[in-house]
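Asker: Below are the chains, spelled out letter by letter.
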Amino acid sequence: MTEWRKKTPLEWLSYVNKEVQVLAAEKHQFKGWVLTVDPVSANILLANPLDNGKVSVSAILGHAVQDVEVMNEADDEMKEKLERLFIPGESQTYSQ
Amino acid sequence: GPTSLPSAAPEDASVLQREQESRVALRERYLRSLLAMAGQPVSFTMYEKVSVTAVFGTSDIDVLNFQVSELQTPLGVQKEALLRCSDIIAYSFQL
Amino acid sequence: STGRSAQPPTEKPGERRMAEMKKLYGEGASKIQAMETTMQLSFDRNCDKKQPKYWPIIPLKL
Numbered sequence: 001m002t003e004w005r006k007k008t009p010l011e012w013l014s015y016v017n018k019e020v021q022v023l024a025a026e027k028h029q030f031k032g033w034v035l036t037v038d039p040v041s042a043n044i045l046l047a048n049p050l051d052n053g054k055v056s057v058s059a060i061l062g063h064a065v066q067d068v069e070v071m072n073e074a075d076d077e078m079k080e081k082l083e084r085l086f087i088p089g090e091s092q093t094y095s096q
Numbered sequence: 001g002p003t004s005l006p007s008a009a010p011e012d013a014s015v016l017q018r019e020q021e022s023r024v025a026l027r028e029r030y031l032r033s034l035l036a037m038a039g040q041p042v043s044f045t046m047y048e049k050v051s052v053t054a055v056f057g058t059s060d061i062d063v064l065n066f067q068v069s070e071l072q073t074p075l076g077v078q079k080e081a082l083l084r085c086s087d088i089i090a091y092s093f094q095l
Numbered sequence: 001s002t003g004r005s006a007q008p009p010t011e012k013p014g015e016r017r018m019a020e021m022k023k024l025y026g027e028g029a030s031k032i033q034a035m036e037t038t039m040q041l042s043f044d045r046n047c048d049k050k051q052p053k054y055w056p057i058i059p060l061k062l
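Residue numbers (this note's numbering), protein chains in the order written: chain D, 1 to 96; chain R, 1 to 95; chain F, 1 to 62.
Simulated from the structure, these hints should not be mistaken for lab results.
Be aware that a few hints might be false.
Stated by the list, open to error - Below, a list of computed lysine to aspartate or glutamate pairs in the DMTMM-like style, where the Cα atoms sit at most 25 Å apart:
1. F:K50 with R:E70
2. D:K7 with D:E73
3. R:K49 with D:E3
4. R:K49 with D:D51
5. D:K18 with D:E80
6. D:K54 with D:E26
7. F:K50 with R:D60
8. D:K6 with F:D44
9. F:K23 with R:E28
10. D:K7 with R:D12
11. D:K54 with D:D76
12. F:K61 with D:D67
13. D:K27 with D:D67
14. D:K6 with R:E70
15. D:K18 with R:E28
16. D:K79 with D:D67
17. D:K54 with R:E19
18. F:K49 with F:E36
19. D:K6 with D:D67
20. D:K31 with D:D51
21. D:K54 with R:E28
22. D:K6 with R:D60
23. F:K61 with R:E80
24. F:K53 with R:E80
25. R:K49 with D:E69
26. D:K18 with R:E19
27. D:K79 with D:E26
28. D:K18 with D:E3
29. F:K61 with R:E70
30. F:K49 with R:D60
31. D:K27 with R:E48
32. D:K6 with D:E19
33. F:K23 with D:E19
34. F:K23 with F:E36
35. D:K7 with F:D48
36. D:K6 with R:E11
Since the structure is predicted, the reported quantities are computational estimates derived from the model, not experimental observations.
Chain D on its own, in the form it takes in the complex (with noise of 0.2 Å):
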């Protein structure tokens, strides 16, 4: 793979929505949905949807990551669910 930092935006693009897994450094291993990736640090945010309807969300670091292998791609349900986290101009507010 190109290193994870060298990709281009549109490559970047192409895993959102993806379940990958992502091997990082020091042997971690993480599994989730990519809700984005940086383009400034490279960072992926991954989705996984828990049982009491909360989710949880991780950002592996990306200079820590060393290969992303997808898995499977979101259903229209699952992609909803992935954009209506963070909604522009709902909940959350650019000041606090």
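For chain D, the structure is supplied; the task is to place chains R and F on it using the hints.
Answerer: For chains R and F alone, coordinates are given in the frame of chain D:
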């Protein structure tokens, strides 16, 4: 070197535009996730098998430093702290 | 970087940053810049107010 640069072909211009649009979408979502993290307890997995939790505050825009509060370190609580993103492998929180 | 003379910058930093943002984000540059400015202000304000110290003091990874 060349005396004049070749003008960009139309397909190059459209690739550039698609790249820019992708970057906007990806970056906006990531910035929103940082905003959503404010005030939440976050677990950090760091290098050298170090794990800590803290209440997230803010990030600088270059994503080099996280400002956190109530950092639970192996040696006790540090009320206010800065974490270097270069020390962090991953972090997680719940929404 | 060879033979670059020490000329004073002809652009202001803010202008250069907007030009870079425009190149990276195109039409969306001002939206992203607005979000980033707010976030950076909040970071700077919190650091001023709370005076956080780096933890750990020595970086884990250089």
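Asker: None of the hints should be skipped; say for each whether it holds.
Answerer: We went through each hint and held it up to the structure:
1. For the suggested pair K50 of chain F and E70 of chain R, the alpha carbons sit about 12 Å apart, so the restraint of at most 25 Å is met.
2. Taking the CA atoms of K7 of chain D and E73 of chain D, the gap is near 20 Å; set against the 25 Å cutoff, the hint holds.
3. Between K49 of chain R and E3 of chain D the CA atoms are separated by roughly 24 Å; this keeps the pair inside 25 Å, and the hint holds.
4. For the given pair, K49 of chain R sits about 28 Å from D51 of chain D by alpha-carbon distance, which is inconsistent with the 25 Å threshold.
5. Between the alpha carbons of K18 of chain D and E80 of chain D the distance comes to roughly 13 Å, so the proposed pair stays at or under 25 Å and holds.
6. With a C-alpha separation of about 29 Å, the suggested pairing of K54 of chain D with E26 of chain D is violated against the 25 Å cut-off.
7. For the suggested pair K50 of chain F and D60 of chain R, the alpha carbons sit about 15 Å apart, so the restraint of at most 25 Å is met.
8. With a CA separation close to 29 Å, the supplied pair K6 of chain D and D44 of chain F exceeds the 25 Å bound.
9. A threshold of 25 Å between alpha carbons decides the hint, and for K23 of chain F with E28 of chain R the separation of about 16 Å falls inside it, so the pair holds.
10. Straight-line distance between C-alpha atoms of K7 of chain D and D12 of chain R comes to about 18 Å, which keeps the hinted pair within the 25 Å bound.
11. Distance hint between K54 of chain D and D76 of chain D is fulfilled; the C-alpha atoms sit about 19 Å from each other, no more than 25 Å.
12. A distance of roughly 20 Å separates the Cα atoms of K61 of chain F and D67 of chain D; the hinted pair therefore holds under the 25 Å criterion.
13. Among the hinted pairs, K27 of chain D with D67 of chain D is consistent with the structure: their alpha-carbon atoms are about 11 Å apart, no more than 25 Å.
14. For a cut-off of 25 Å, the pair hint linking K6 of chain D to E70 of chain R is broken: about 35 Å separates their Cα positions.
15. Straight-line distance between C-alpha atoms of K18 of chain D and E28 of chain R comes to about 19 Å, which keeps the hinted pair within the 25 Å bound.
16. The suggested pairing of K79 of chain D with D67 of chain D holds, with an alpha-carbon distance near 23 Å, which does not exceed 25 Å.
17. Simply put, K54 of chain D and E19 of chain R have alpha-carbon atoms about 32 Å apart, too far for the 25 Å limit, and the pair is violated.
18. Between K49 of chain F and E36 of chain F, the direct Cα distance comes to roughly 20 Å. Compliance with the 25 Å bound is thereby established for this hinted pair.
19. About 13 Å separates the Cα atoms of K6 of chain D and D67 of chain D, which keeps this hinted pair within 25 Å; it holds.
20. Distance hint between K31 of chain D and D51 of chain D is fulfilled; the C-alpha atoms sit about 16 Å from each other, no more than 25 Å.
21. Restraint check for K54 of chain D and E28 of chain R: satisfied, since their Cα atoms lie roughly 22 Å apart, inside the 25 Å limit.
22. With a CA separation close to 22 Å, the supplied pair K6 of chain D and D60 of chain R stays within the 25 Å bound.
23. Between K61 of chain F and E80 of chain R the alpha-carbon distance is near 21 Å, which keeps this suggested pair within the 25 Å criterion.
24. For the suggested pair K53 of chain F and E80 of chain R, the alpha carbons sit about 7 Å apart, so the restraint of at most 25 Å is met.
25. Taken as a hint, the K49 of chain R and E69 of chain D pair is honoured in the structure, with Cα atoms around 24 Å apart against an allowance of 25 Å.
26. Among the hinted pairs, K18 of chain D with E19 of chain R is consistent with the structure: their alpha-carbon atoms are about 19 Å apart, no more than 25 Å.
27. About 31 Å separates the Cα atoms of K79 of chain D and E26 of chain D, which puts this hinted pair outside 25 Å; it is violated.
28. A distance of roughly 19 Å separates the Cα atoms of K18 of chain D and E3 of chain D; the hinted pair therefore holds under the 25 Å criterion.
29. Restraint check: the Cα-Cα separation between K61 of chain F and E70 of chain R comes to about 23 Å, which is no more than 25 Å; the hinted pair holds.
30. Restraint check: the Cα-Cα separation between K49 of chain F and D60 of chain R comes to about 15 Å, which is no more than 25 Å; the hinted pair holds.
31. Using a Cα cut-off of 25 Å, the hinted pair K27 of chain D and E48 of chain R holds, with the two alpha carbons roughly 12 Å apart.
32. The hinted pair formed by K6 of chain D and E19 of chain D meets the criterion: a straight-line CA distance of about 21 Å does not exceed 25 Å.
33. Distance hint between K23 of chain F and E19 of chain D is unfulfilled; the C-alpha atoms sit about 31 Å from each other, more than 25 Å.
34. Straight-line distance between C-alpha atoms of K23 of chain F and E36 of chain F comes to about 16 Å, which keeps the hinted pair within the 25 Å bound.
35. At most 25 Å may separate the alpha-carbon atoms for a hinted pair to count; K7 of chain D and D48 of chain F exceed this at roughly 36 Å.
36. Of the pairs offered as hints, the one joining K6 of chain D and E11 of chain R holds, with about 22 Å between alpha carbons and a cut-off of 25 Å not exceeded.
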